[in-house]
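J.: So the chains spell out like this:
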Amino acid sequence: MKAASISMIIGSALLLGLFIFPLWSISLEAPQYPSGIGMYIHLDGLQGHEKHDIQNIDGLNHYIGMRKLPKQDEMWEFSVFPIVVGGMAILGILIGLLGFFKKVSYKWFLGWLILMTVLGVAGMFDFNAWMTDYGTNLDPKAIMKMTDADGNPLSYKPPLFGSKDILNFKAHSYPALGAILMGTGMFLTFIAYFIGLKKAK
Amino acid sequence: MKTIQKFLLGLSAGLLLVGCGNTSKDSSNSGAMSSSNAEKVYVPPGEHDEFYAFMSGGYSGNLTVYGLPSGRMLKEIPVFSQFPTNGYGYSEESKAMLNTSFGFIPWGDAHHPDISQTDGVLDGRWIFINENNTPRIARISLTTFETEEIIEIPNSAGNHASSFVTENTEYIVAGTRFAVPNPQKDMPIDEMKGEFKGPLSFISIDQEHGHMNLDFQLNMPGFNYDLAHPGRDKSHGWFFFTSYNTEEAHSMQEVNASQNDKDFIAAVNWKKLAEYVKNGGGTKVAGTYAHNVYDESTMTATTEMKEGVISVDPRNVEGAVYYMPVPKSPHGLDVDPSGQYIIGNGKLSTQLSVYSFDKMMKAIENKDYDGDAYGIPILKFDSVLEGVVDSGGLGPLHTEFDGKGFGYTTFFISSEVVKWKIGTWEVVDRLPSFYSVGHLTIPGGNSRKPFGKYMFSMNKITKDRYLPTGPELEHSAQLYDISGDKMDLLLDFPTHGEPHYAAAIPADLIKSKSKKYYDLEENNHKYAAKSEAATRVERNGNEVHVYATTVRSHFAPDNIEGIKVGDKVYFHITNLEQDFDVPHGFAVIGANTSEILIMPGQTKTITWEPEREGVWPFYCTDFCSALHQEMQGYVRVSGKNSSTKLRWSLDDEWKE
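Residue numbers (our numbering), protein chains in the order written: chain A, 600 to 800; chain B, 984 to 1639.
Misleading hints may appear alongside valid ones.
[Claimed, not checked] Heads up, simulated BS3-like pairs for lysine-lysine below, C-alpha to C-alpha not over 30 Å straight-line:
no.: 1; chain 1: B; residue 1: K1404; chain 2: B; residue 2: K1436
no.: 2; chain 1: B; residue 1: K1499; chain 2: A; residue 2: K650
no.: 3; chain 1: A; residue 1: K667; chain 2: B; residue 2: K1498
no.: 4; chain 1: A; residue 1: K650; chain 2: B; residue 2: K1058
no.: 5; chain 1: B; residue 1: K1499; chain 2: A; residue 2: K769
no.: 6; chain 1: A; residue 1: K670; chain 2: B; residue 2: K1499
no.: 7; chain 1: B; residue 1: K1342; chain 2: B; residue 2: K1404
no.: 8; chain 1: B; residue 1: K1513; chain 2: A; residue 2: K740
no.: 9; chain 1: A; residue 1: K744; chain 2: A; residue 2: K670
no.: 10; chain 1: A; residue 1: K650; chain 2: B; residue 2: K1494
no.: 11; chain 1: B; residue 1: K1496; chain 2: A; residue 2: K740
no.: 12; chain 1: B; residue 1: K1443; chain 2: B; residue 2: K1402
no.: 13; chain 1: A; residue 1: K797; chain 2: A; residue 2: K706
no.: 14; chain 1: A; residue 1: K670; chain 2: B; residue 2: K1498
no.: 15; chain 1: A; residue 1: K650; chain 2: B; residue 2: K1496
no.: 16; chain 1: A; residue 1: K667; chain 2: B; residue 2: K1404
no.: 17; chain 1: A; residue 1: K769; chain 2: B; residue 2: K1494
no.: 18; chain 1: A; residue 1: K667; chain 2: B; residue 2: K1638
no.: 19; chain 1: A; residue 1: K650; chain 2: B; residue 2: K1513
no.: 20; chain 1: B; residue 1: K1446; chain 2: B; residue 2: K1469
no.: 21; chain 1: B; residue 1: K1245; chain 2: B; residue 2: K1176
no.: 22; chain 1: B; residue 1: K1058; chain 2: B; residue 2: K1404
no.: 23; chain 1: B; residue 1: K1498; chain 2: A; residue 2: K650
no.: 24; chain 1: A; residue 1: K670; chain 2: B; residue 2: K1638
no.: 25; chain 1: B; residue 1: K1498; chain 2: A; residue 2: K769
no.: 26; chain 1: A; residue 1: K667; chain 2: B; residue 2: K1513
no.: 27; chain 1: A; residue 1: K670; chain 2: B; residue 2: K1513
no.: 28; chain 1: B; residue 1: K1255; chain 2: A; residue 2: K650
no.: 29; chain 1: B; residue 1: K1176; chain 2: B; residue 2: K1255
Since the hints were derived computationally from the structure, they do not count as laboratory data. As the structure is a prediction and not an experimental result, all values here were calculated from the model.
Using the sequences and the hints given, assemble the complete structure.
T.: Written out as structure tokens, the structure is:
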């Protein structure tokens, strides 16, 4: 149970990496941007890959009528996500400690993981919904109004995961170090449950 | 008749032979050899050159930046001349750069660029360049590639022996090529002899910011001090100047200044002089000069008029100044990378005279003098001469070094570059120049550490090297590969203005420091509008200040009313962009100034004095974006006594 608890503690502590490292990275590629342009999505806001990338993405987006990228105080997610992630990390560490001193069983580890997964999936849904709104809810006075073959307005929603051509840009959307740490952490909590299960048998 | 036939036969056979000879020579030039030469200068699309070359513009007054080995021109940096292309010398911020004690001067004659050094090695902090006509020295940043400072040199004329840098950038010098009365006075020209002076100015450099300070002037006899180079390594602490017209002729100098068999190299111990001045030596004499400094933070240049300079009489400082005889009106003066050999290029002779620093020091110690000139000891020619490069060419001008034991000298009259060996002084190679070569440059070739891969010559005469463009032609440069035993001509490329000299540096030493744009947060310009919310128009009597911004693809404001005939309108334009290579331009119909090009984060101001009523357009001159054509606006100009209200708008949101 000691090994399982330590794994649980480390796994949930890795969530705290999200307070330092970004969750996601979206980058745009085009010939006239030889070193690329892009942004990191942190728990509490957006940050350009380079100092002025957010401003420059807004500058590009204004041609197609997209709204400006949200500041920290313009989305409730940026204040709620840190509380949720911080809370889950503390909860996980607490469960791990209680497990270490044999106050709770390994099943709690699984319980934590299920809750975290539900929250994570909900977060992804929310994120995707925001991107859909951001990429399709366009200014009717947009300078360029592009349509697809059927005459419907183009969506400029970046992909949730993977790469996609958007007009002259190729957009890439992938997890960043914070999300990788979180995934590793969640895997470790599963290992914690698994060890606990084996030991119990 | 038969004799004539035989003669003609012989003649035609001879011509045939000559023809064959030419053909075979041509084919060897355009065969396998030249295709490998093409590869040597080919820089594939998107790739960078290996070296930056900074060529003086001569009578363009500016500095041009080239890439080597491609020979591609990358930029023209305005220095001493107004440059309507970006507004330099026209904008309110930059006008002060061209102020002198003679007032605003729109033009200059830029000669010898030199890159700052540390321990005798190029360090890529700044590049300096001198102005010959109205004596000045400029400092250009190698981060922004813009002119940051210009200092005028008072009491001097023909600032030609300049702007060479000592090996830790302690000092740069400014010589006097046209001896003048010092102080200036109204006197008969033909009483010049003995009355005129040739002051040599020593400008100290502040190591942190590069700011120039006129430390002292050495009031030398009135010969024409032509070119100079500092000692390096073992001879660090000395500066050497060639002089001509030791005859002190005042007219028909092409003849009268060419009579003496020998003129002089002045050897100046600047360390000793600096110490002397630091300890209160020298006398303060009159001399008004402008010192113009551009502040990157306020983006504005200011002029400080300074008065007075410390003058040092060379005879008052024991052991600081000597003359060494040098044959026949020398031009260039160069010092080899070790600092041991000082090369005098006798422009009316066939020879280079090589002096040994060790011998010079010994001759000084032994007081091995051959009389004096105006009280300055003349060292005995035979005691200081180390050797002679007997080139067989005619008219040696300038020498650079490859760091591998060889010197390369240009010969103007015989139109060639000659390679010779340091120590044995023997000629090892020579190649013709097309045509009449002046200066030559090897990257770092006048420092302790040359980068001896390429050498380029700057030729004075172009003639038929390119497609003809009427009587007036650009000058021409030629690039040579000097990595092997023999020089190999790789490339011809046209240059802008008249490059007198160039400084070149490995690109890796500076390219990563090149600024991409100005950070708007660090813009402390007095008239900056850092957001559209801050844009406004203010009237102060008949002066109107427009605080405007640009961003792709509009001006804010873009409609202005209430301007009146007789107003002086200041357009202060701030470019809000914060990305690499997104300038905006500004021009307004009928402006008798110029356009301005505003880099991202920068504020620039241009004035407009409307003379006619109407609605007049302004627009962005730099194709900035897909909506560039729409980046325009209107100014309504009303009559002098009209009551049109001062108001401005963007997208019909009027403010007043």
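J.: Does each hint hold? Answer for all of them.
T.: Hint check:
1. B:K1404 x B:K1436: Holds, at roughly 17 Å.
2. B:K1499 x A:K650: holds (12 Å)
3. A:K667 x B:K1498: holds (27 Å)
4. A:K650 x B:K1058: Status holds; Cα separation ~27 Å.
5. B:K1499 x A:K769: holds (24 Å)
6. A:K670 x B:K1499: Between A:K670 and B:K1499 the Cα gap is close to 26 Å, so the pair holds against 30 Å.
7. B:K1342 x B:K1404: holds (20 Å)
8. B:K1513 x A:K740: holds (26 Å)
9. A:K744 x A:K670: holds (26 Å)
10. A:K650 x B:K1494: holds (20 Å)
11. B:K1496 x A:K740: Violated, at about 42 Å.
12. B:K1443 x B:K1402: holds (20 Å)
13. A:K797 x A:K706: holds (12 Å)
14. A:K670 x B:K1498: This hinted pair holds, its Cα atoms lying about 28 Å apart.
15. A:K650 x B:K1496: This hinted pair holds, its Cα atoms lying about 17 Å apart.
16. A:K667 x B:K1404: Distance of about 67 Å is beyond 30 Å: violated.
17. A:K769 x B:K1494: holds (29 Å)
18. A:K667 x B:K1638: Holds, because 25 Å separates the two Cα atoms, which is no more than 30 Å.
19. A:K650 x B:K1513: holds (17 Å)
20. B:K1446 x B:K1469: With Cα atoms ~26 Å apart, B:K1446 and B:K1469 stay inside 30 Å; holds.
21. B:K1245 x B:K1176: holds (18 Å)
22. B:K1058 x B:K1404: Violated, at about 36 Å.
23. B:K1498 x A:K650: holds (14 Å)
24. A:K670 x B:K1638: Between A:K670 and B:K1638 the Cα gap is close to 28 Å, so the pair holds against 30 Å.
25. B:K1498 x A:K769: holds (27 Å)
26. A:K667 x B:K1513: This hinted pair holds, its Cα atoms lying about 18 Å apart.
27. A:K670 x B:K1513: holds (19 Å)
28. B:K1255 x A:K650: It is violated: about 50 Å lies between the C-alpha atoms, which goes past 30 Å.
29. B:K1176 x B:K1255: holds (29 Å)
Consistency note: the structure conflicts with the earlier hints numbered 11, 16, 22, 28.
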